[in-house]
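J.: Each chain, written out:
There are 2 protein chains.
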Amino acid sequence: MHLNVMTQCSPSPQFEGLWRHPDDGTATGYRSLDYWIPIARKLEAACIDALFFADVHGLYDVYQGSWRAALRHGVQVPSVDPVLVVAALAAITRRLGFAVTYSTTYHAPYECARLFSSLDHLTRGRIGWNIVTSYLRSAAENGLGEYLSHDARYDRADEYVGVCRALWESSWEQDAVVRDAASDTFTDAGRVHEIEHRGRWFHVQGPHQCEPSPQRTPVLYQAGASRRGTTFAARHAELVFVTLPDPATGATHVRALRQRAEELGRDPKRIKILQAAFVLTDRTSAELRAKIARFGALTSAEGELAKLCGWLGFDVAAYPQDMPLAQIPLEASQSIRDFMRRFDPQRAWTVGDVRSISLFSRSPHRRTGWLLGTPAQIADQMQEFRARSGVDGFNLIPCPPTSGIDDICALIVPELQRRGLFRREYEPEGETLRERYFGRGNTRYA
Amino acid sequence: MHLNVMTQCSPSPQFEGLWRHPDDGTATGYRSLDYWIPIARKLEAACIDALFFADVHGLYDVYQGSWRAALRHGVQVPSVDPVLVVAALAAITRRLGFAVTYSTTYHAPYECARLFSSLDHLTRGRIGWNIVTSYLRSAAENGLGEYLSHDARYDRADEYVGVCRALWESSWEQDAVVRDAASDTFTDAGRVHEIEHRGRWFHVQGPHQCEPSPQRTPVLYQAGASRRGTTFAARHAELVFVTLPDPATGATHVRALRQRAEELGRDPKRIKILQAAFVLTDRTSAELRAKIARFGALTSAEGELAKLCGWLGFDVAAYPQDMPLAQIPLEASQSIRDFMRRFDPQRAWTVGDVRSISLFSRSPHRRTGWLLGTPAQIADQMQEFRARSGVDGFNLIPCPPTSGIDDICALIVPELQRRGLFRREYEPEGETLRERYFGRGNTRYA
Numbered sequence: 001m002h003l004n005v006m007t008q009c010s011p012s013p014q015f016e017g018l019w020r021h022p023d024d025g026t027a028t029g030y031r032s033l034d035y036w037i038p039i040a041r042k043l044e045a046a047c048i049d050a051l052f053f054a055d056v057h058g059l060y061d062v063y064q065g066s067w068r069a070a071l072r073h074g075v076q077v078p079s080v081d082p083v084l085v086v087a088a089l090a091a092i093t094r095r096l097g098f099a100v101t102y103s104t105t106y107h108a109p110y111e112c113a114r115l116f117s118s119l120d121h122l123t124r125g126r127i128g129w130n131i132v133t134s135y136l137r138s139a140a141e142n143g144l145g146e147y148l149s150h151d152a153r154y155d156r157a158d159e160y161v162g163v164c165r166a167l168w169e170s171s172w173e174q175d176a177v178v179r180d181a182a183s184d185t186f187t188d189a190g191r192v193h194e195i196e197h198r199g200r201w202f203h204v205q206g207p208h209q210c211e212p213s214p215q216r217t218p219v220l221y222q223a224g225a226s227r228r229g230t231t232f233a234a235r236h237a238e239l240v241f242v243t244l245p246d247p248a249t250g251a252t253h254v255r256a257l258r259q260r261a262e263e264l265g266r267d268p269k270r271i272k273i274l275q276a277a278f279v280l281t282d283r284t285s286a287e288l289r290a291k292i293a294r295f296g297a298l299t300s301a302e303g304e305l306a307k308l309c310g311w312l313g314f315d316v317a318a319y320p321q322d323m324p325l326a327q328i329p330l331e332a333s334q335s336i337r338d339f340m341r342r343f344d345p346q347r348a349w350t351v352g353d354v355r356s357i358s359l360f361s362r363s364p365h366r367r368t369g370w371l372l373g374t375p376a377q378i379a380d381q382m383q384e385f386r387a388r389s390g391v392d393g394f395n396l397i398p399c400p401p402t403s404g405i406d407d408i409c410a411l412i413v414p415e416l417q418r419r420g421l422f423r424r425e426y427e428p429e430g431e432t433l434r435e436r437y438f439g440r441g442n443t444r445y446a
Numbered sequence: 001m002h003l004n005v006m007t008q009c010s011p012s013p014q015f016e017g018l019w020r021h022p023d024d025g026t027a028t029g030y031r032s033l034d035y036w037i038p039i040a041r042k043l044e045a046a047c048i049d050a051l052f053f054a055d056v057h058g059l060y061d062v063y064q065g066s067w068r069a070a071l072r073h074g075v076q077v078p079s080v081d082p083v084l085v086v087a088a089l090a091a092i093t094r095r096l097g098f099a100v101t102y103s104t105t106y107h108a109p110y111e112c113a114r115l116f117s118s119l120d121h122l123t124r125g126r127i128g129w130n131i132v133t134s135y136l137r138s139a140a141e142n143g144l145g146e147y148l149s150h151d152a153r154y155d156r157a158d159e160y161v162g163v164c165r166a167l168w169e170s171s172w173e174q175d176a177v178v179r180d181a182a183s184d185t186f187t188d189a190g191r192v193h194e195i196e197h198r199g200r201w202f203h204v205q206g207p208h209q210c211e212p213s214p215q216r217t218p219v220l221y222q223a224g225a226s227r228r229g230t231t232f233a234a235r236h237a238e239l240v241f242v243t244l245p246d247p248a249t250g251a252t253h254v255r256a257l258r259q260r261a262e263e264l265g266r267d268p269k270r271i272k273i274l275q276a277a278f279v280l281t282d283r284t285s286a287e288l289r290a291k292i293a294r295f296g297a298l299t300s301a302e303g304e305l306a307k308l309c310g311w312l313g314f315d316v317a318a319y320p321q322d323m324p325l326a327q328i329p330l331e332a333s334q335s336i337r338d339f340m341r342r343f344d345p346q347r348a349w350t351v352g353d354v355r356s357i358s359l360f361s362r363s364p365h366r367r368t369g370w371l372l373g374t375p376a377q378i379a380d381q382m383q384e385f386r387a388r389s390g391v392d393g394f395n396l397i398p399c400p401p402t403s404g405i406d407d408i409c410a411l412i413v414p415e416l417q418r419r420g421l422f423r424r425e426y427e428p429e430g431e432t433l434r435e436r437y438f439g440r441g442n443t444r445y446a
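Going line by line, the protein sequences match chains A and B.
Residue 73 in the working numbering sits at position 73 of the first sequence; the count goes up by one each step and never skips.
Residue 30 in the working numbering sits at position 30 of the second sequence; the count goes up by one each step and never skips.
Among these hints, one or two may not hold up.
Claimed, not checked - Quick look at which bits of chain B chain A covers, simulated, 3 or more residues with Cβ under 8 Å:
id, region
1, 79-88
2, 104-114
3, 181-189
4, 266-279
Calculated from the structure, these hints are not laboratory results.
Built from N, CA and C at the ideal position, the CB exists for glycine as well.
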């Protein structure tokens with residue numbers, strides 16, 4: 001079983017309001033290495049595959065047509081650049097993998113290729129790239145890139161990833177760097193090539209500025225769920241994050257994704273699929289109930305709403321609260337209708353229902369997307385979900401963000417280890433992140 | 001006296017060919033944290049102000065109209081991204097400052113502002129930005145930015161730095177982040193402002209995505225030597241790197257720079273000037289002579305030539321070797337004529353003379369740009385240069401790159417300390433890099 005742990009360099013990632021708990025630490029720690037270093041060490045001691053950093057550029061400004069609510073509640077703002085935190089954590093770990101979100105909007109592909117080659121060298125092959133195409137409108141307003149339609153940005157991202165892969169894989173031959181003192185030759189220039197890319201979106205001549213790193217191409221992660229996004233994932237990704245509502249639907253999606261990859265000429269076994277899951281646990285059911293009550297009371301409903309409206313591009317504050325969603329023109333409400341349908345496909349939801357929902361109050365009893373229970377119950381849930389859906393593991397979102405990591409390392413992992421479901425030590429050889437997913441010797445992208 | 005040490009994340013920075021020395025370590029170490037971590041620890045133990053990373057994007061491709069010679073000799077290629085190395089070294093140091101080169105060509109200013117705010121948070125206020133406007137033609141060929149004329153790129157850089165400073169200084173009020181659990185308020189959104197920048201080159205709405213960091217604006221370094229570059233430095237920079245040929249010329253330049261800053265409305269005392277100097281030393285003159293011979297033999301003349309041609313934009317391979325530089329049209333040879341004039345303003349230099357010169361063979365007896373001698377002799381040279389030119393310190397370029405750092409820390413610094421010219425410990429308070437240069441309490445840009 002593969003286990004990633006997900007976080008973000010901002011206050012109380014994923015759980016708006018929980019920064020208020022005195023033990024949380026993210027309110028000031030999100031920007032401090034004194035916060036991040038012990039976390040990386042714990043995850044490494046627990047043999048977690050990789051620590052995965054989400055990221056976003058710009059502010060959520062849909063709710064009430066303003067970024068004020070997002071700022072007030074610390075909804076993914078303020079933040080710091082996770083790429084730098086990964087580099088810092090590379091200095092104090094030897095085996096833990098890292099995956100970091102990096103948008104195809106905000107930097108030129110030549111830069112992106114150099115960044116990930118550098119990270120792969122500095123981590124000795126422990127880096128993954130979560131490819132996102134996100135075009136928040138605020139990105140355009142901050143001079144970061146043109147606003148494109150959904151499909152156009154995937155077309156552009158296809159070309160972008162192609163440029164990066166050419167720089168990583170085709171520019172320097174494996175034996176180009178000779179370091180031969182006698183002939184005064186560092187690199188055999190005849191074994192280094194320009195890529196001469198002339199595409200619709202990018203012109204990149206090359207050669208790449210970095211020598212081949214342990215993995216060359218970082219492990220490619222992707223989470224697109226749309227039809228176009230799934231094709232993108234099937235074409236490029238090695239790790240796909242999914243948020244499957246239940247194992248049966250999951251099994252269908254997992255099969256479709258692997259089949260699409262095969263149609264595109266890839267080995268379907270070279271795609272691993274991780275189910276995203278919020279994790280909340282404690283030693284006993286009584287302790288867990290108390291914890292849920294404690295954290296539920298700290299959840300910021302308005303913060304969750306600002307985040308939800310930003311994700312879905314729907315401003316619940318723009319309509320009367322008793323208005324049924326069905327009365328709002330479909331082009332404005334499609335995303336929110338799809339979202340609410342997951343809770344109850346039959347019910348006639350109103351705008352006010354959206355407002356009253358917050359992640360923490362709705363989910364523990366709904367269970368969608370949650371691993372909730374004692375460690376043994378959670379291990380059962382994981383085992384069952386994996387068996388029925390065919391996913392390869394989980395992308396765990398610790399709740400609350402800080403002590404939830406302790407719970408994963410001290411309670412969940414040992415329970416999985418007792419059942420023989422999770423490693424007790426990292427493989428002594430095969431040090432790269434890719435080998436962790438695809439087996440020893442599979443260092444390179446395939 | 002202020003002392004920075006300069007390096008670069010590539011084989012044998014600044015000294016082409018010295019990667020061949022068995023003790024050097026940069027040939028593989030340039031991309032490894034196992035190489036960089038002990039260096040940072042040594043510099044911190046010696047109380048050096050800051051470790052400064054040069055950087056370049058693209059390859060030197062002027063000599064022979066190709067990047068082949070640069071690749072063959074490892075001339076600043078391959079490389080890794082120094083921003084990541086700085087982040088990693090932040091994790092294992094507490095007081096050492098860092099300055100890193102970051103070009104105004106390759107990233108949007110909104111991104112740049114986020115990067116340096118993040119670094120300033122993660123280092124707790126120990127970061128400086130060496131602003132470069134470099135437009136290598138290969139940058140344009142790699143899709144990194146339009147090729148602009150020299151003055152136009154400084155105009156653009158003025159606006160770029162202005163945008164960054166607005167994001168750092170004007171977007172978030174000092175008390176905007178309140179972290180008030182009782183009122184469920186992380187940030188008082190009324191104290192966060194958009195910057196609404198609409199300029200010739202950039203449109204950036206804001207607000208900034210990061211809360212105020214210890215220094216807000218990183219310490220601004222700059223090294224422009226042209227008339228336009230000097231105005232840019234006088235307008236923005238707090239630390240200016242110079243390469244003065246002698247103390248008398250130096251004194252004139254230092255006075256002019258401070259005067260220009262005053263004309264632009266700045267306090268001339270808020271600019272510190274550091275002379276760049278190659279450092280080569282040993283305990284005794286006999287040991288030093290042996291060292292010079294040893295390293296001189298390892299210098300790669302063709303590598304130095306590839307670098308020199310790249311810097312000056314003049315291809316010595318394109319002309320007959322016996323052709324006097326004076327017979328080459330001035331527009332093609334101005335830069336190389338200026339360069340050779342530094343060695344002898346009277347001599348009728350030929351193309352072949354340029355070819356025969358390499359940094360290592362010419363400089364030890366010429367002395368321009370070098371600190372060369374026993375530790376006591378070098379301390380004398382520094383003391384005299386500083387007194388006569390009015391510079392505030394030195395940007396030391398260790399020769400060779402690795403053991404030269406040991407020489408600085410173990411031989412030069414103790415000699416300066418014995419003479420009372422250099423600190424024996426970092427100030428216990430005033431932890432930011434800016435305070436190190438401008439005194440306790442001067443945390444913010446002024």
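J.: Has the region 79-88 of chain B got at least three residues whose CB is nearer than 8 Å to a CB belonging to chain A?
T.: holds (count 8)
J.: Count the residues of the region 181-189 of chain B whose Cβ falls closer than 8 Å to any Cβ of chain A, and tell me whether that reaches three.
T.: holds (count 7)
J.: Counting residues of the region 266-279 of chain B that have a beta-carbon nearer than 8 Å to any beta-carbon of chain A, does the count reach 3?
T.: Coverage by chain A is violated for the region 266-279 of chain B (0 residues, Cβ < 8 Å).
J.: How does the region 104-114 of chain B fare against chain A when you require at least three residues with a CB closer than 8 Å, holds or violated?
T.: holds (count 7)
Going down the numbered hints, you'll see the structure goes against just number 4.
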